[in-house]
Amino acid sequence: MKLPPLPTLRAFEAAARRESFLQAATELGMTAAAVSQHVKALEDWLGLALFERRPRGVRLTADGRELGAACSEGLGHIARAAERLTARKSMARTSLACMPSVVTHWLGPRLPRFRAQHPQIQVSIVYPLGSLTPDEAGADLLICHGTRPPGRADRILDAATRPTCAPAYLERHGPISTPADLLKQDLLHDATEAAWQSWLAARGIEGPTLAGPLYADFNLLVSSVLSGLGIGLCPTALISDHLAAGTLSVLFDEAADEDKAYWLRSGTDLSGPAAILRDWLLAEAASSASIA
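Heads up: the sequence shown at position 247 corresponds to 246 in numbering that gives the first Met the number 0, and the numbers run straight through without jumps.
Watch out, some of these pointers could steer you wrong.
Ranges of calculated distance between the beta carbons of each label pair, as one might list FRET restraints [said to hold, decoys possible]:
1) Gly227 x Arg147: 18 to 28 Å
2) Asp240 x His117: 13 to 23 Å
3) Ser270 x Glu205: 52 to 62 Å
4) Arg112 x Ile204: 22 to 32 Å
5) Gly75 x Gly129: 40 to 50 Å
6) Glu192 x Gly145: 13 to 23 Å
Computed list of lysine to any residue pairs in SDA-like fashion (alpha-carbon distance at most 20 Å, straight line) [to be verified]:
7) Lys39 x Gly56
8) Lys183 x Glu205
9) Lys259 x Ala193
10) Lys183 x Gly203
11) Lys259 x Leu131
12) Lys1 x Ala69
13) Lys1 x Ser71
14) Lys183 x Phe251
15) Lys183 x Ala167
16) Lys259 x Ser71
17) Lys39 x Ile77
18) Lys183 x Pro212
19) Lys259 x Ala152
20) Lys259 x Val102
21) Lys39 x Ala68
Please keep in mind that the hints were generated in silico from the structure rather than gathered at the bench. No experiment lies behind these values; they were computed from the predicted model shown. Glycine included, each C-beta is placed from N, C-alpha and C at the ideal position.
Work the whole structure out from these sequences, hints included.
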């Protein structure tokens, strides 16, 4: 690639953009004579005139306008790329290991608020892959599900599950007035049938249930519930946005898994950005609980 001397291009671009050697000199921190010399050197290299010299200033030729536009575009690309790289280098980072269901239904809709409040912090969200601590997950913070884990853990969301369905399902298959009515409904299962069997047994209900589909992931289950395919046992705190919007409805207040929760665990020696994210998560969780 054969390019003119780069200093001449920089001086010419400023002069062409302003159509003034004097204004270009002020912008570049050099004299007008130096700008003129760079432009003359570029014209000699190209073998054509880029400016018409007049008693009261200069004016771009047609060739000058063409090259000026190209220089402005090219140098602009370079400047923007350099700005992005510099910003990326200086951006603060933190990482959170989190289950996909929590990201999809609770964290994701709230993250724009964190970004608006802390635009300088980049959050990396990774799969926990069965990890029980942030260190195991290679992250600063970890959100996990279950009974209280050992060590420091902050309860951020209740994990109690309740029979939940879409209004469209209730319109087609209702009314569902008592827990016993569920025996005749399409029950959707999260991984195993044990959860439904336990919930029904706690209400003194025994009997076969329709062999509804099993879902290996809660996101798959709740998408089917939202589509009106059946009734699922859903953690109501996690789907609070759907309940508030009316896209899902809780059929009975009686809950299962009341001994479980979603827990926020922090790694050792948290960085400043990680501590900010932890405090924000706890505040968001408190806000969600108060609304609920």
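### Task
Could you tell me which of the numbered hints above are not met by this structure, giving the numbers in increasing order?
1, 4, 16 and 17
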